[in-house]
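K.L.:
Based on these hints, arrange chain B on the given structure of chain A.
There are 2 protein chains.
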Amino acid sequence: MNEIRTITSNRADERYAAGCGFVGGEYRPIAEVSVSVLDWGFNKSDVTYDVVHVWQGGFFRLQDHLDRFWRSMEGLRMTIPHSKEEVAEILTECVRKAGLQDAYVAMITTRGVPLPGMPRKPGLLTNRFIGYALPWMDVIAQDVQERGAHLVIAKTQRIPIASVDPTIKNYHWGDLIRAQFEADDQGADTAVLLDAEGYVTEGPGFNVFAVIDGAVVSPDKGALEGITRKSVGELCDLLDIPYQVRPLSAQELLDADEVFTATTAGGVMPCARIDGRIKGNDRPGPISSRLKEVYWRKHDEGWHKTPIDYDAGA
Amino acid sequence: MNEIRTITSNRADERYAAGCGFVGGEYRPIAEVSVSVLDWGFNKSDVTYDVVHVWQGGFFRLQDHLDRFWRSMEGLRMTIPHSKEEVAEILTECVRKAGLQDAYVAMITTRGVPLPGMPRKPGLLTNRFIGYALPWMDVIAQDVQERGAHLVIAKTQRIPIASVDPTIKNYHWGDLIRAQFEADDQGADTAVLLDAEGYVTEGPGFNVFAVIDGAVVSPDKGALEGITRKSVGELCDLLDIPYQVRPLSAQELLDADEVFTATTAGGVMPCARIDGRIKGNDRPGPISSRLKEVYWRKHDEGWHKTPIDYDAGA
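Protein sequence lines correspond, in order, to chains A and B.
So in this note's numbering, spot 96 of the first sequence is number 96, and the numbers just go up one at a time.
So in this note's numbering, spot 158 of the second sequence is number 472, and the numbers just go up one at a time.
If we strip away everything but chain A, and leave its shape as in the complex, we get (with noise of 0.2 Å):
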């Protein structure tokens, strides 16, 4: 999945072959889409987004991720000038200039930049909408995900829900970064963190799964409402695989048959090894490689697609 397909339209601009942005109400190449540094999204972190995959030339369960946009944006009192529908049209357009057919597509607002002297009161400021899109590139190399992923559980504690809500999804990764640096010192590739009483909540970027006793458990709090995570809720089902959101303890996801994790950056990613012990035979286990070959089955067959007319737009 290394190699970038790209779409022969007349809507395709070599300009933006590295990624294209909307900023400031313009489409710009990505090397130009930035954010000043006096915006509140930066120098606070006063920002939400939302990440949807373009695959084959269509969206992936674009919808939903517009509805969690709206909901993250509603949940920091946010409003931007555009409808959900504006906004998926400016995304499309972000692909078509790009000429992506496999792509990453941001949508992302800020709180936005205080005029001089303003009182610091985040309900006065016009907040600020970027979108753009990006050729698709494995987050986890193809080596990573053929031999399964090495988790460790950080000692870094993922920031509680009583400071900042993890289902409005938001930038604050010092938590995360601390306990990647901590995996990067095991010689792992990634970690899971905990919430103060010892449970799982997530990784750097992913949700986490343990296949325990042939179910599929993922926590119930201190995660993000992945969407990819429901369309392993969904493919369970599909499967007649039993499925369950609740509590997991960090011993219950040593213990488990099988561990994997799930992110709109590359799906269903089993893991092979967590805090040094070995699941199966140190290689992705039968369910988890399951669901990421239906994962990825059910996109060829255009699953949840909103296909992109590549030769339409202004």
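It should be emphasised that the hints constitute simulated quantities derived from the structure, not laboratory data.
Everything numeric in this text was worked out from a predicted model, so none of it was measured.
Keep in mind that a hint or two might mislead.
[Unchecked claim] One side of the interface only, derived from the structure: several residues of chain B facing chain A at Cβ under 7 Å:
#	residue
1	E403
2	M451
3	V453
4	Q471
5	H486
6	D489
7	Q494
8	S563
[To be verified] Calculated Cβ distances over 10 Å to all of chain B for the following chain A residues:
#	residue
9	D46
10	I80
11	K121
12	E225
13	H299
14	A312
Every residue gets a Cβ at the ideal spot worked out from N, C-alpha and C, and that includes glycine.
P.N.:
Relative to the frame of chain A, chain B by itself:
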């Protein structure tokens, strides 16, 4: 203090009147100082910073801010290709170009922009330095300063030390913004956040102090090691006021004789109300007011001052 005092020198430049920044190795007008949406400093808030102020033509405690900025970078395993002396010179040049006698001056290091296809490992990225100087503005309006700020104790908890180290200056303001909305909804000026055990930590951008039985008390953990707070401690010594850094409960704050805050962006700020409780005569208390007065008088005397030569430089 709302009037902007500027310096006439052969180094000031009209293009930088609204502020001057240094980004990508070049000096630019503040409107052009921005961060790529692909920089982890934005999209993972993987960034540290410091802010020093310039008052009447000189930096205040510049070395303290540079030392803390370096400790923050070390804590996040970041490096930049500049020495402390070089950063000091870059920041000085920003102030010169903007021609500012009173300014906020920021130094920022972001994790950087990953190359396409690079593994998601923070240690692989090239970190980026940004600096900028802005005209001094009162963060708290003069009328609020005179009547004394109205605080609330927020329901939102401060992000805990186990997740993000508050002594590494960071842009994880999600909890602080939520708390500010709580204050705004109640018609107060700002908020104080507690930790999970109910102890006082800090507020949006400031340290918190209680005056109890003639002593000044500030929390020992869960808060930034503020440099204005350090100044408050030194002023207490000077004025023979007992100064204690220790756990401070919410109840002690409510029952305190006086409450005040301290920040680089404004200095010592007396408070008049907290959660509707009225302190003293609903106005700044005597010890808070004395500390505020001496804080600025010491500035006039050149305390901890690094004067700027406005005509020097490249």
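K.L.:
Each of the hints needs a verdict: does it hold here or not?
P.N.:
Results of checking the hints against the structure:
Evaluation of the E403 of chain B hint against chain A yields a violated restraint, the C-beta minimum of about 20 Å exceeding 7 Å. Among the interface hints, the one on M451 of chain B holds; its C-beta lies about 5 Å from the nearest C-beta in chain A, closer than the 7 Å criterion. Contact between V453 of chain B and chain A, as hinted, is supported at the beta carbon level, the nearest pair being about 6 Å apart and thus within 7 Å. Because the beta carbon of Q471 of chain B sits about 4 Å from the nearest beta carbon in chain A, less than 7 Å, this interface hint is met.
Residue-level restraint check for H486 of chain B holds (minimum Cβ-Cβ distance to chain A is 5 Å; threshold 7 Å). A distance limit of 7 Å between C-beta atoms decides the matter here; for D489 of chain B the minimum to chain A is near 4 Å, and the interface restraint holds. For Q494 of chain B, the suggested interface contact is upheld, since its CB lies about 6 Å from the closest CB of chain A, less than 7 Å. Taken as an interface hint, S563 of chain B does not check out: its beta carbon lies about 18 Å from the nearest beta carbon of chain A, beyond 7 Å.
Separation of D46 of chain A from chain B is inadequate, the least Cβ-Cβ distance of about 5 Å not exceeding the 10 Å criterion. Non-interface call for I80 of chain A relative to chain B: holds, since the shortest CB-CB distance, roughly 16 Å, exceeds 10 Å. Here K121 of chain A does not stay apart from chain B, with its beta-carbon only about 5 Å from theirs, under the 10 Å limit. Every CB of chain B lies more than 10 Å from the CB of E225 of chain A, the least distance being 17 Å, so the non-interface label holds.
At roughly 21 Å, the least C-beta separation between H299 of chain A and chain B is larger than 10 Å, which holds for a residue marked as non-interface. For A312 of chain A, the shortest C-beta to C-beta distance to chain B comes to about 26 Å, beyond the 10 Å cut-off, and the non-interface label holds.
Going through the hint list in order, the structure does not satisfy hints 1, 8, 9 and 11.
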